[in-house]
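2 protein chains.
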Amino acid sequence: MTSPIIVPVILSGGSGTRLWPMSTPAKPKQMLALTADATMLQLTATRTMREAFEAPIVVANARHADMIEAQLDAIGASPQALILEPAGRNTAPAIALAALAAGAGDKALLVMPSDHVIEDVDAFHAAVALALPLVEQGWLVTFGIAPDAPETGYGWIHVGAALADGVHQVAQFVEKPPLDRAEAMLASGDYAWNGGIFLFRADCYLEALGTYEPAMGAACGAAMAAALRDGARILPDAAAFEASPSESIDYAVMERAARVAVVPVAMGWNDLGSWDALHAISDRDLAGNAHSGEVLAIDTQHCLVRTDGVRLRLVGVKDLIVVASGDDVLILPRGRSQEVKKLIEAMKA
Amino acid sequence: MTSPIIVPVILSGGSGTRLWPMSTPAKPKQMLALTADATMLQLTATRTMREAFEAPIVVANARHADMIEAQLDAIGASPQALILEPAGRNTAPAIALAALAAGAGDKALLVMPSDHVIEDVDAFHAAVALALPLVEQGWLVTFGIAPDAPETGYGWIHVGAALADGVHQVAQFVEKPPLDRAEAMLASGDYAWNGGIFLFRADCYLEALGTYEPAMGAACGAAMAAALRDGARILPDAAAFEASPSESIDYAVMERAARVAVVPVAMGWNDLGSWDALHAISDRDLAGNAHSGEVLAIDTQHCLVRTDGVRLRLVGVKDLIVVASGDDVLILPRGRSQEVKKLIEAMKA
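These protein sequences, in sequence, are chains A and B. Heads up: the first sequence is residues 625 to 973, going by this note's numbering. Heads up: the second sequence is residues 625 to 973, going by this note's numbering.
Since the hints were made in silico from the structure, they are not lab data. Given the structure is predicted, the values throughout are model-derived calculations rather than measurements. It cannot be assumed that every hint is accurate.
Since the list gives no way to pick one copy over another, a pair counts as held whenever it fits inside one copy or between any two copies.
[Claimed, not checked] Derived lysine to any residue pairs resembling SDA-like cross-links, with alpha carbons at most 25 Å apart: (1) LYS651 - ASP900; (2) LYS965 - HIS926; (3) LYS966 - ALA689; (4) LYS651 - GLY784; (5) LYS966 - ASP923; (6) LYS972 - ALA839; (7) LYS972 - ALA911; (8) LYS965 - ASP923; (9) LYS731 - ASP661.
Construct the complete structure from the given sequences, taking the supplied hints into account.
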């Protein structure tokens, strides 16, 4: 049996500010080198630069086009399409654009956020290999991250009956649960986190979209039919695309479609949703510190200290997160990095 | 009885780095606005802009000449002499230069560091008034700060028998004591801190210097005899001045002279020897914070946060000192601000 061709679809739509001040709308998390010398986008693209994978399709905010091309070029990656969204409409329409750009046929799309960590790439590809036979049969597959904490900020998946070796039906999607529910799911062992990574045939996805979100399917089809093309760049028609409802792939398709499968996988996944998350996965010195940039720290413990400019000098602090970017310096205790949003709200006000 | 004329002598020689990164050799503590909109130098000069005081004599490092003139001009003060030391030789020679610039006669010199806080200016002047009669009789007077902590970094004065109302003989000078000695002195109630503020006749000071440090007196005399003058600026002859021994007024004169008196005074004195000291005397919000500059702080307690440039954003920290100046950011816990010197040593290495 020959392996089918897989088209990587890299979603670069995010402009989150949970890693502010490094991450900003002008240069969001996926454009940053946080865990290595390479950026999160580069690491994501590199993960599929191997046999049986075509060049990626990247769906991104138009303002990041030059930066994305430069970052991919720097690692020798050349996208087959760089789809520049005229507006954000969440993941379901973004993936529809990619499915259409891939030809809407039976090629398998491996849909990946551009800003997640996957430490065990072999485990990732093993999971993809397990999923492929069912994908060829028309199943929509999601990857279920082995959970290690009662996370209330993630979607969870109740793993159902086995369909094949390592592949299970999805018994239920559970959106962002309360803590007691998350604790129960973690304890049961029958649940996984929804990591936002998907594998399905382009035609199957578009068919499901036509069934459950026909207006979305029609808008995306019209936007691509009238798209401008400039080399690999594809600019969907703005008016047509903006007419699309805005919805995530989970709500629009995965939670409604009939043949939805999950491949549970432990692959060192992390969505780097906070500075605490970065500290947790970073290489640390014997005192638990992860420093980067012009940092001088004496007698510090369990700190994350990063700067891309100003010189950070610390003595005697512990359990502190300090991040400097440009003219902004963020300081908060470890364990409270979600509260960066309080600062951003206060700065807006 | 007419009040004698008093010449303020402001010593601006310090280039300490205990308030790094704000304080640097290029712009030391006395040039900074730390406790008010005015700089420490301006506050010091303002303290004697009143009846019975001549315009000040300022002794400073030559590199600060323009800055000193600009700061004094901004408050309407015009020094009668700005003596620019070609090299640092500690306080005894600096005061000798001022005594010579004042005419070496029987005018009283009120010698003051340029970078200390005195909150109760009335108490200060009351102490000066108490001292004046003995000064006219030839006594060398120091002001003894009412101590409120067992400080091991200060010189202490054993207050002896009363000479007049509020004026006492100095029984003994005690240099930087060990902690147990400091605690005993604090408990006894018979000791005061040596605040580095002095009052004496110019001729009496020079006479004592000639007795106890004749080489110093000769060097300073030669340096002033060959000085260049440019308006109020006086540039002592470098070769002559550099031949002077380097010594503090305490060691060179006060601890050796016969007629040395002390006026104990509680006047809200503080030498601002650390960021902790500044936090302690600053106006603070209800949560104990003293912030200044572009600071946004949410749920912070007992912090000192200052910046002259970058934007400091904090959430949820307590008992922290954060000071940003130019491209440098200092972060350390409250109570450990003396350890800034560890950073400075590490940066040199």
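Do the hints match the structure? See the list:
In the homo-oligomer, the alpha carbons of LYS651 and ASP900 lie at most 25 Å apart inside one protomer (20 Å), although the nearest pairing across protomers, at 38 Å, exceeds that limit. Taking CA atoms no more than 25 Å apart as the test, LYS965 paired with HIS926 passes in both settings, with 22 Å inside one copy and 22 Å between copies. Proximity of LYS966 to ALA689 under the C-alpha cut-off of 25 Å is found in neither arrangement, the shortest distances being 30 Å within a copy and 46 Å between copies. For the homomeric pair LYS651 and GLY784, neither the shortest alpha-carbon distance inside one copy (40 Å) nor that between copies (70 Å) is at most 25 Å.
For a Cα distance limit of 25 Å, the shortest separation of LYS966 from ASP923 across copies, 10 Å, qualifies, whereas the shortest one inside one copy, 29 Å, does not. Taking CA atoms no more than 25 Å apart as the test, LYS972 paired with ALA839 passes in neither setting, with 35 Å inside one copy and 66 Å between copies. Taking the shortest Cα distances, LYS972 and ALA911 sit within 25 Å of each other only across copies (23 Å), while inside one copy they are farther apart (36 Å). For the identical chains of this complex, LYS965 and ASP923 are inter-copy neighbours only, at 13 Å across copies versus 29 Å inside a copy, given an alpha-carbon limit of 25 Å.
Neither within a single protomer nor between protomers do LYS731 and ASP661 lie at most 25 Å apart by alpha-carbon distance, with minima of 32 Å and 69 Å respectively.
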